Every structure is written in C-alpha cells, then in structure tokens.
Amino acid sequence: MEKYYQREIECASREQIRAWQDERLVKQVRHVYEHVPYYRNLMKEKGVTPDDIRSVDDLHKLPFLTKADLRDAYPYGLLAVPLEDAVRIQSTSGTTGRRVVAFYTQHDLDLWEDCCARAIMAAGGDKGDVVHVSYGYGLFTGGAGLNGGSHKVGALTLPMSSGNTERQIQFMCDLNSTILCCTPSYAAYLAESIHERGLRDQIHLKAGIFGAEAWTQEMRRDIEEKLGIKAYDIYGLTEISGPGVAYECSAQTGMHINEDHFIAEIIDPKTGEVLPDGEKGELVFTCITKEAFPLLRYRTRDICVLTHEKCACGRTHVKMSKPMGRSDDMLIVKGVNVFPSQIETVLMNRGYAANYQIIVSRVNNSDKLEVQVEMTPEMFSDTVTAVSNREKELESDLKSMLGIYADVQLVAPKTIARSEGKAVRIIDKRNLY
Amino acid sequence: MTVKQISVFLENKAGCLAAFTKVLRENDIDMRAMSIAETPDFGILRIIVDDTYKTACVLKEAEYIFSITPVLAVEVTDEAGGLYQIVQLLGDNKINLEYTYAFITRKRGQAYMIFRVEDNEKAIDVLEKNGVHIVSQEELDEL
Ligand SMILES: [Zn+2]
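Residue numbers (numbering that gives the first Met the number 0), protein chains in the order written: chain A, 0 to 432; chain B, 0 to 142.
Source of the hints: derived by calculation from the structure; they are not laboratory data. If you're wondering where the values come from, they're calculated on a predicted model, not measured in any experiment. All C-beta atoms, glycine included, are put in the ideal place defined by N, C-alpha and C. Wrong hints could be hidden among the right ones.
[Stated by the list, open to error] Sample of chain A residues facing chain B (criterion: CB under 8 Å; computed from the structure):
no., residue
1, His307
2, Val383
3, Leu409
[Stated by the list, open to error] Calculated pairs, DSS-like style, for lysine-lysine (alpha carbon to alpha carbon, straight line, at most 27 Å):
no., chain 1, residue 1, chain 2, residue 2
4, B, Lys59, B, Lys128
5, B, Lys12, A, Lys391
6, A, Lys413, B, Lys128
7, B, Lys12, A, Lys367
8, B, Lys53, A, Lys413
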C-alpha cells in the first residue's frame, strides 16, 4: 500500500497544481521584487516588472540566479524578510570560495519538513518506524531536514549524525532502526562494515533514503543487497531548501518534485533556453512558497531530464531523473565531457566496488586521465600478466564508455580515502583557471 | 606433491615492502623463499613460509590482498646444467613455465627451485619419470 503524507496535494490534478503555481508565482515575484534589491536590479536590467509575470507561462522572462550571485550577495543580499523574522541559517558544504548561507522563517522550516515527511512516507515510513538519521547535523541541511520530516511523520527519530560507525551499527541493532537516512557513500560504507562484522541478521532496516551526492543504479543494488532494504533516492539543495525538493516513490523511476513549492524547468546550459519535457539539460528551480530566501530561476548545475508521464504510485507531480552529472563537476578532458558516474558504471559492471579516484593532469600540454581503483581479492592473481590484464580490460571498457584513453591503476585496498560524508573522487591537477 | 605459495598484491611505492616484512617479523613468520615481480604500477610478492595457515590469517587481518597457489618445489642437482635439464624437460613436454625462483635451505650440497607451471599434474609426471625429485610440503617443512 502506497503511503502519502499529504495525499490531496501529492495526488492533486494537474490543473490544480498549475493553479497553485500560477497564483503563488505571481505573488512571489512581487514579494521578491519589493524586498530583494539585488534581484530587482536583475529584473530591471532585463526590462521585466512584476506586472509582466501573470502565470507560469511568463516564467521564462525572469532572469536566472547562479551560485555566483549567491556569492556576490553574501550574506544578506538575497534575504527577502527582515532579519528578525528569520529563525534559522543552514549552509552548503561547498569546497571552493565562500559558502552559501540560506535563511528560513518558521513557516519555511515547516514547509521544508513537510517535503521531507512526504519523502519518508513515500519510502514506506510511518509513525511506527524508527528513522535513523546519519546525515550530518549542524549547518548541513541533511540532518535537520530528515529529522524534521521524521518528527512530522510521527516516527521515532534517532539523530545519529554522521561518523562513529561502531555506534551507528550498535544503535541500529539495539534500537531496531527501520529506515536509514544518509549519503549513499556512507550507506555503502555502513553496509560493508555490517557485512564484515556478520551482523546482517541483527539489523531490522527495511528502507533507506539516500541523497546529497551522485550514486549509480549499481551502487543502489549493492546497498540493497548488503542491507536487505529498498533504497530510495532523495534530492535537494540548500539554496532551494534542503533534501526533499524531490523524492522517490515506490515506482523508483525518478523523483517527484514538490511542485506546489517549486517550479522546475530544464534549460540548455549554454543558451539558457527552456527545453521541452524529456530533453536532457540543466535543472532550474523557482521557489514559490518560501519567505526568507526565495530564489527565482536558480540554476542548479545538475543535468537531468523531467517527465510528466503518469506514475504508478498515484502521485501527479513531475518526476526528475537522477542527475546525470553536474555541469560544474563535469570534467572536460581532451575536449571530451567526462562524468564520474560513467567511470563508476564501468567499474561496477566489472565487479569492482565504487572505490575509485579520478586524477586529471596536464603532461606536455596534453590532458592525462588516470583512474585509481582498489584491488579486490577476486581480481587478484599470482601472475603479473593476469593482473595487468585486469587493468587493460578496464582501460578498454573506459575507452568505449568515454571515448578517450584512461590509465587505470589498481591500488591496495582502503588506500583511497573514504570520507564518512561526501566522497572525494576527483583530483584535477591542471591549473586551468 | 605441491607446496603452497602465498602471493601478495603490493603497490609499487616506497615503504610497501618494508611494511610487509615488518608484519611477518612481528608475527614470527619465517620466509623460506621469496621473489618479487614488478610493473611500474604494482608488484606481486611470492613467498613460501613455514606456516601458511597462520600467515594467511595474519595477512587477512592486516587487510592485504593475497592468494594461495600450489607450486612445485624441485630439487636441482648442484652442478652445471641442473636447472637447464628441468627447463628443457618442461619445454619438450609443452608445459608452460610461468616463473621460477630459488629456495633457501640450510642444507649444503643441494639446491631447490620453485616452479609455477600451468599444469602441475603433467609437470610432476614428466619430472618424476625423469628421476627429478619433487619435494612435498612435509619434506619442505623439515628443510
Ligand atoms: Zn511515483
């Protein structure tokens, strides 16, 4: 039985969703224009006024916001309410330059938690469940979002935060955790640790909600098998609210975007032109219900596809595919676009774990792509030829997947850093900027 | 009539071999024979030890990648042409030799070599028919 948190919204008719969006967008544009001078100036530069925005059809007239705008306007430049009305700050785990800070009113937090509650129930969660939240707490949105969502569902919430694997596993066994929420790389790490300790029989997990970083279908199957659960994807970003912007249902064929709060568009990342349903492009969000930090047409840099096809779960909200790469994580090597997910697919198909590192360097003015992969007992043999052949077979698979040569190196196990938060997979040694 | 060889995956980096031998020393494991095959990326260390089972446990604990392969320990007469004769016999019988290395013993007057061939059964048959002595695991433990 499919479970819903707000059935009347999640399964509303398309006409109803469109009516909510039209009304909320018009109101939101006026709110932002009046309270955010930074965005008002962008609108003026484009010659657009709030009067020009009468429905979702006019959305394309609005200017885009990018991460660069967030840095320029740091910290208060995009705040749309008096600071005293804001009750919370969350921040991104950005590794370059200034971090992004986002503000929330109590109402904003409430709606964000509703979104997370929808995700938990779509994964089969209910008030009888024990939700084990191993996302980081603190500035990172993962812990706070799922924690709040779990409370809304009425589930028993375990605010584990990330790290301390021993304690995670012990609580999981002792307190009968049924739903695990964390990053997919940490889920894989936990699964491996549970497997190694032979504790599979002592855990009671039935589902996992994993997001905040890229993961493949192969990784999903691996985690599902090792933990004996169904693994659900969840999508979100701090700039827009946090996890729960979109979430997977039992059909597991994409993530439903909470369209009563966010309008999604797919654009051509080069021209900014809006693309039709089913075309691959950059995902753009407009927040239509947020008060404190309501970004309009924010470019996520995530490359994906939208579909309005009817979903078996009964929900009517548009579905987004798993991001196929990030336009800023994407590597351009020898002029070819390389996504880490492609490399991961090759490794998983050959039976390797997803423990790899991509190193790009420039030798004699030419790009060099190296992939380090952790050796496994199954791949090892006592002859040099056999082990070298393992490397060659990966090199050949990568060549057909990427179109360029990658030098594969098998390395000793556990030598590639496995962080308990986001995995570091790319080392770009070229000084291109 | 084969003996057990442990092959270990090592990265071709400074300190890897030292770290490995330290693990053996700390666990009082005695290496009887050793060879290393290297490529620019990695190395494969092959060893014959006094206690294979214990060594396997120690290596697993230390998270090394390794495998156990049955190989031939062959007595080679300590005179010119001794090794040549064996290699010749294998070649004549189309037995593919992957690699070979020397075995250390405290006994004087005799030399032993480790042979890794594709087909152990066939090699044993050919060598024994030609009067070459192949050392069993028990004999080896006493050397
Ligand atoms: Zn669905």
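Taking the hints in turn, this is what the structure says about them:
1. His307: With a minimum Cβ separation of about 49 Å from chain B (threshold 8 Å), the hint on His307 (chain A) is violated.
2. Val383: holds (5 Å)
3. Leu409: At about 6 Å, which falls below the 8 Å cut-off, the nearest Cβ of chain B leaves the hint on Leu409 (chain A) intact, so it holds.
4. B:Lys59 to B:Lys128: violated (39 Å)
5. B:Lys12 to A:Lys391: Within the cut-off at roughly 21 Å; holds.
6. A:Lys413 to B:Lys128: Violated. Lys413 (chain A) to Lys128 (chain B) sits at ~48 Å, over the 27 Å cutoff.
7. B:Lys12 to A:Lys367: Given pair Lys12 (chain B), Lys367 (chain A) holds - Cα atoms ~21 Å apart, limit 27 Å.
8. B:Lys53 to A:Lys413: OK: Lys53 (chain B) and Lys413 (chain A) at ~23 Å, within 27 Å.
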